[in-house]
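Please construct the entire structure, taking both the sequences and the accompanying hints into account.
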Amino acid sequence: KAGVTQTPRYLIKTRGQQVTLSCSPISGHRSVSWYQQTPGQGLQFLFEYFSETQRNKGNFPGRFSGRQFSNSRSEMNVSTLELGDSALYLCASSLGDRGVSPLHFGNGTRLTVT
Amino acid sequence: DAKTTQPPSMDCAEGRAANLPCNHSTISGNEYVYWYRQIHSQGPQYIIHGLKNNETNEMASLIITEDRKSSTLILPHATLRDTAVYYCIVREPTNSGYALNFGKGTSLLVTP
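Heads up: the protein sequence lines correspond to chains A and B, in order.
Count along the first sequence from 1, add 161, and you get the number used in my numbering.
Count along the second sequence from 1, add 5, and you get the number used in my numbering.
Label pairs and their calculated CB-CB ranges:
id : chain 1 : residue 1 : chain 2 : residue 2 : range
1  : B       : N24       : A       : E213      : 42 to 48 angstroms
2  : B       : N24       : A       : P200      : 23 to 29 angstroms
3  : A       : R271      : B       : D72       : 38 to 44 angstroms
4  : B       : S33       : A       : D258      : 16 to 22 angstroms
5  : A       : V261      : B       : M64       : 15 to 21 angstroms
Here are the simulated BS3-like pairs of lysine-lysine, each with C-alpha atoms no more than 27 angstroms apart in a straight line:
id : chain 1 : residue 1 : chain 2 : residue 2
6  : B       : K109      : A       : K218
7  : B       : K57       : B       : K74
8  : B       : K8        : A       : K218
None of these hints come from the bench; they were simulated from the model.
Even for Gly, the Cβ is constructed at its ideal location relative to N, Cα and C.
Structure follows, in C-alpha cells:
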C-alpha cells in the first residue's frame with residue numbers, strides 16, 4: 162500500500178507570496194492532518210480535515226488554510242508568506258475513526274521563504 | 006490530553022536493547038499511549054500504541070505499568086538505523102478531532 166505522498170518536496174518562495182502544498186493520504190484514510198515543524202517550536206498541529214470538513218484547528222493565524230477533497234486528498238495554503246513560515250510542513254493521514262488508529266506521516270514539504 | 010515527560014537524550018550500543026522511558030502520571034483511564042519516532046529529515050513514523058496491556062509488534066514492545074503512570078518502549082536489538090528522536094504521546098480518542106502534542110521527545114543515539 163502506498164504511503165502518504167506530499168508534493169513538492171522542496172519550495173523556495175519570497176516574502177509576500179502565497180504557496181499551496183498538496184497531500185495524498187493512504188488509500189482508505191479519511192482524515193488528513195497538517196503539522197508545521199521548525200527547530201525552535203518543534204512539531205505543531207495546524208489543522209485536521211475529515212470528510213471534507215475541518216474538524217480541529219491549531220493556534221495559527223488565518224493566513225494558514227486548508228481544504229480536503231472528496232477523494233480525501235488535501236491541500237494547504239499559506240498566504241502573504243513571512244520569513245518565519247520557513248519550515249517543514251508535514252501531512253498525516255489516519256482512518257478517521259475516533260482517533261485510536263495511528264497517524265501515518267509523509268516526508269514533508271520543505272518551504273524556504275526568502 | 007495528559008502531559009508526558011521523557012529524558013532529552015539516551016545512548017545505546019548497537020545490538021543491545023534500547024529502553025526508552027516515558028512518564029505520564031496524570032493519564033486518565035481512556036487515554037492511549039502512542040510512540041512515534043522521527044529520523045532526520047523524514048516525517049514521524051508510527052511505532053506502537055497501547056491502552057493497558059503490554060503490546061509487541063515487529064518494531065518494538067511497549068510496557069505499560071499497572072498504574073499506567075509510566076511506560077517503556079523497548080527496541081530489542083538496536084541498530085544504527087534506530088538513531089532518531091522518539092516521541093511518547095498520550096491522547097484520548099475523541100470525535101472532535103485528532104491533534105497530537107509531540108513535545109520534545111528523546112534523542113536516541115545508537116553507537117557501533
